[in-house]
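Anchor point for the sequence shown: position 570 equals 570 in UniProt numbering, and the numbering is continuous, going up by one each time.
FYI, nobody ran anything at the bench for these hints, they're computed from the structure. Some hints here could point you the wrong way.
[Unchecked claim] Here are the simulated BS3-like cross-link-like pairs (lysine-lysine), alpha carbons at most 27 Å apart as the crow flies:
1. 1112 <-> 841
2. 28 <-> 184
3. 386 <-> 28
[Claimed, not checked] Restraint-style ranges between C-beta atoms, simulated for each label pair:
4. 225 <-> 1003: 45 to 55 Å
5. 812 <-> 613: 32 to 42 Å
6. 413 <-> 305: 50 to 60 Å
Where is the CB? At the ideal position from N, CA and C, for every residue including glycine.
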Amino acid sequence: MTLLLGPPGSGKTTLLLALAGKAIPPLKITGNITYNGFKLEDFVPEKTSAYISQHDLHISQMTVRETLDFAARCQGVGDREGISIAGLQTSLQTDYILKILGLDICSETKVGDTMRRGISGGPTRALFMDEISNGLDSSTTFQIISCIQQLVHIMEATSLISLLQPAPETFNLFDDIILMSEGKIIYHGPRDRVLHFFQDCGFICPKRKGIADFLQEVISEKDQAQYWSNTSIPYRYVTADQFSEKFKFSRTGEKLEELLELSTKSQDTENDIAFAAIYLNKWELFKTCMAREFLLMKRDKFVYIAKIIQIMIVAIITMTVFLHMQVDLEHSSYYVSSFYYTITRIMANGIEELSLSIVRLPVFYKQRDLLFYPAWAYSIPISLLKIPLSLVESFIWTALTYYVIGYAPELQRFFCQFLLLFILHQTSTSIFRFLASITGTAHTSSLLGNLALVISFMFGGFILPKYSFPFWLRWAFWFSPATYAQIALSLNEFQAPRWQKLSSENMTLGQHILKSQGLDFKNYFYWLSIGALFGFTLLLNIGIALALTYSNSKFEMRDRGFGSKRLQLLQDITGAFRPGVLTALMGVSGAGKTTLMDVLCGRKTGGMIEGDIRIGGYPKIQETFARVSGYCEQNDIHSPQITIKESLMFSASLRLPPDVDPQTRAEFVDAVLETVELDGLRDALVGIPGINGLSTEQRKRLTIAVELVANPSILFMDEPTSGVDARSAAIVMRAVKNIAEMGRTVICTIHQPSIDIFESFDEVTYITIPKIPKIKDNYNPATWMLEVTSTTTEENLGIDFVQIYKESTLYQDMEEMVKNLSIPPTGSSDLHFNTRFPQNKWCQFKACFWKLSLSYWRSPAYNFVRLMFMTIVSVFFMVLFWQKGRDLHNERDIFSIMGSMYLATVFLGIMNSVTVLPIIAREREVLYRERFAGMYSCKAYAFAQVVVEIPCTFTLAAIYVISTYPTIGYYWSVYKIIWYFYTIFCALLYFNYMGMLIMSVSRSTQVASVLLAACCTMLNLFSGFLMPKPHIPKWWIWLYWICPTSWTLNGLLTSQYGDVTTEIIAFGETKTVTTFLTQHYGFHPNQSHLVAFVIACFPIIFASLFFYYVGKLNFQRR
1 MTLLLGPPGS
11 GKTTLLLALA
21 GKAIPPLKIT
31 GNITYNGFKL
41 EDFVPEKTSA
51 YISQHDLHIS
61 QMTVRETLDF
71 AARCQGVGDR
81 EGISIAGLQT
91 SLQTDYILKI
101 LGLDICSETK
111 VGDTMRRGIS
121 GGPTRALFMD
131 EISNGLDSST
141 TFQIISCIQQ
151 LVHIMEATSL
161 ISLLQPAPET
171 FNLFDDIILM
181 SEGKIIYHGP
191 RDRVLHFFQD
201 CGFICPKRKG
211 IADFLQEVIS
221 EKDQAQYWSN
231 TSIPYRYVTA
241 DQFSEKFKFS
251 RTGEKLEELL
261 ELSTKSQDTE
271 NDIAFAAIYL
281 NKWELFKTCM
291 AREFLLMKRD
301 KFVYIAKIIQ
311 IMIVAIITMT
321 VFLHMQVDLE
331 HSSYYVSSFY
341 YTITRIMANG
351 IEELSLSIVR
361 LPVFYKQRDL
371 LFYPAWAYSI
381 PISLLKIPLS
391 LVESFIWTAL
401 TYYVIGYAPE
411 LQRFFCQFLL
421 LFILHQTSTS
431 IFRFLASITG
441 TAHTSSLLGN
451 LALVISFMFG
461 GFILPKYSFP
471 FWLRWAFWFS
481 PATYAQIALS
491 LNEFQAPRWQ
501 KLSSENMTLG
511 QHILKSQGLD
521 FKNYFYWLSI
531 GALFGFTLLL
541 NIGIALALTY
551 SNSKFEMRDR
561 GFGSKRLQLL
571 QDITGAFRPG
581 VLTALMGVSG
591 AGKTTLMDVL
601 CGRKTGGMIE
611 GDIRIGGYPK
621 IQETFARVSG
631 YCEQNDIHSP
641 QITIKESLMF
651 SASLRLPPDV
661 DPQTRAEFVD
671 AVLETVELDG
681 LRDALVGIPG
691 INGLSTEQRK
701 RLTIAVELVA
711 NPSILFMDEP
721 TSGVDARSAA
731 IVMRAVKNIA
741 EMGRTVICTI
751 HQPSIDIFES
761 FDEVTYITIP
771 KIPKIKDNYN
781 PATWMLEVTS
791 TTTEENLGID
801 FVQIYKESTL
811 YQDMEEMVKN
821 LSIPPTGSSD
831 LHFNTRFPQN
841 KWCQFKACFW
851 KLSLSYWRSP
861 AYNFVRLMFM
871 TIVSVFFMVL
881 FWQKGRDLHN
891 ERDIFSIMGS
901 MYLATVFLGI
911 MNSVTVLPII
921 AREREVLYRE
931 RFAGMYSCKA
941 YAFAQVVVEI
951 PCTFTLAAIY
961 VISTYPTIGY
971 YWSVYKIIWY
981 FYTIFCALLY
991 FNYMGMLIMS
1001 VSRSTQVASV
1011 LLAACCTMLN
1021 LFSGFLMPKP
1031 HIPKWWIWLY
1041 WICPTSWTLN
1051 GLLTSQYGDV
1061 TTEIIAFGET
1071 KTVTTFLTQH
1081 YGFHPNQSHL
1091 VAFVIACFPI
1101 IFASLFFYYV
1111 GKLNFQRR
């Protein structure tokens, strides 16, 4: 068992990936890696070794046992027939792994995202583990490494484990050490020889210094000099290259070369090498994956039940809007509208597959790369299990709407419509799963999903008949799934017996309607349409399997948690923290350290808090306390698209007193940057954790720096050394110690303190959830404390350490001190500020707007993609509706022009709503931290968030208007152009603010997506396009009046055609355009001022509601 040590950026993760045979694009690997003499290309390294990443990726709905059992089954371990649905059958190997990792007690608990890193159930012989102790206390880390040591020795496996801050007792468990720096091997050999090597180089480890800490500091230029022992020679910095050269010529290095030369293939060791990529046959793989997908479907039944309820509600509303329509030429357009709305509803219902698929991709990539199963074994079960859902949803819609709307009464036509909707739903879900598979990210896939819907509906033959397409573009008609659905539904209805009456043009009424819609096809086109949709579905599912096979495992990681029952977390907590004293708050994971910190800082959002907290003898007032305190949270939450210095300048500008001039503020920020050693990275973007930007330890130092620039009197730090290496932890704690020595009160929770860090604290407040006696020589006191107060030790010794403490003089002294400090000193007064925030509202707004502007314009995945989307859609509008603005001859021409306005309003608006959701969710996490810190009011933040959207929305509206107004051929008039731009701009803006509002009242983007889909359904149905206002039933007319899209279409159509007196043939009658608009759509040109006012009100209303809810609601649970 080998320990891999090195500072961040030294190449530890890259080395582990290379040894595990995992590709590291775009890096090129040269040289040879052999397992028992076999080169990587001679066998299957993914089956011979296991790489365990520092990022935990598991399916949260499965239990611990189910997760390991599935892994075991995929790797051919165990004697199970398959995965049962009531609960996974077990195997001996699974039980063994659960036991040695201490997971047997939680084996039936759902994983969530908090399960400890485990080993898959396969017969691996090499284990590569990357920083597996992040977030664990030193005692728990010791226990886990002890278990792995037993596993390695019993199974005769090889293990290479990277740790950041191993305690001395954990360090001593390892057999060998690899020390890296700057991508080079400094030392690789026995643990007990590593100090001798550095002694030969002139460096000696002090007696009470942890060897692991010494090894990481002795290769650092800033820390190396203190360990120089050869006084006869002047010290000169020894570089990584020089250490590496010295190692090659050392006795240990020479032995390593000899071992490499002796590495040859051996028949005895061939059984330890895996030569088969997949252990199971295809049928067993399919059954295993199918059973897992069914299990997950059962666990997610709430989602599917909610979708079914949603489609029932929408179906009921739809059937009461299109209630019992008459069989005549005028009402035929409403039949066609109902078909179109059914198609949009069924196709849009599949868009939820995007988020469901994206969430699963990280785990799929992990399991695919580990050769658990090929991509087809993952994609085919998902596709098959969607069939029952499609059947249920399609049948519910057809059963509720078919006869109530008044379609053709023949039973066979009912089932023909049901069949069509079923295969359309399959096509829709396949489209969105395919887009999720090829993009891999939520943002891009949602944009492509909306683009696919817009193009499909644009070329579907409803908005614009095929005969109106440009001749060279008519081929696109046949590439739209909506086309085949429209053809099949129209043929199924209008070729029914009741539509066979002769019309005035010597053709049946049904033929006349089909011809006017450009859908006059033969009967067999119904079955051709069914076949075409089936072909789409089949090709898309093949595409999904191919995309999943060859796509790279790049993904976004999101936190997902789960709730728990109420229990008492803290009890009988009494203590005091004094100025100038650095206090450590210690305890094993889950002891309540963070909970206590949240209570003291006023960050708890739930539960009941009892007791008294005083500051300087006066009761704590949270608003005042936030002005004088800082809280470095365990999770490093920052805006990813701004730089380190900008983050600090933002914090300083809002939290320092207003009388501090900009020059002094900038100098103070520079001093803090130097203190935390981030001055060399001041212009680096923060980035997204685990994807880009700063490393974990740099992010941790940024968190500390953001609080330091506030110059707080009291500083709380939750796990400031978690996730950083020993040297970085020493840097952090040095800065913290300096702060305390300046007379500040500093309280730190800490997991894995080294001896040096532990001794830097003045006082230790220990929260006990107990662990073993008599400290050994050079044993880490922190680990010893955790072990000696454990529950097991207490039971073995028959003592209660909490009771012993309460009966001690130390406790009595503490009680006396707390009593004295709870009384305000004579002549003192309570801390008071004239204002709640350090800066006035205007300064708060300017600072928030400055940061959000930088963040937005550095987010190409948001703004650039929106601009590209608008440009592409505008080009399609230009081509498809070329010079049709004045080519008006009948009601179909008016209908097509209004259709272009409807498409632009609804679908471009929905795109604006969808894309803003993840942006608001991301910035909301930062808002919670900054709001608790008392940096600004929520109103200032919300106003800045609203204003920052205006420039981009203005640009989007300008692109659309400049592109489409002259090419569609509207009337040239300054008044009409301004009206057109004004209406489009307001529409995009209120859709944008509606998305922000929905996100502000939603716990997650998934919930927000569902709410947004429900809202857009109503905005679509009651826009006045599918069912004009005069024909909407009176019980639903109120929805028309409060629907913003209805006012938008009113403004667009009447501003362009409200004064046009050209005569057209409308449903066999000659009318002017103005008369037709008034009679058919209920639009009155003389109400333009009222329409303009109402359109402007919607963005204001949505923005005002966003103001309110973003300040009132808090979905962060602490």
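Here is how each hint holds up against the structure:
For the given pair, residue 1112 sits about 18 Å from residue 841 by alpha-carbon distance, which is consistent with the 27 Å threshold. For the hint linking residue 28 to residue 184, the alpha-carbon distance of about 16 Å falls within 27 Å, and the restraint holds. With a CA separation close to 41 Å, the supplied pair residue 386 and residue 28 exceeds the 27 Å bound. Here the CB-CB span from residue 225 to residue 1003 is close to 53 Å, well matched to the stated 45 to 55 Å.
Against the hinted window of 32 to 42 Å, the Cβ-Cβ separation of residue 812 and residue 613 comes to about 22 Å, which falls outside the hint. Range check, residue 413 to residue 305: about 30 Å between beta-carbon atoms, so the 50 to 60 Å window is missed.
When held up to the earlier numbered hints, the structure conflicts with 3, 5 and 6 and fits the remainder.
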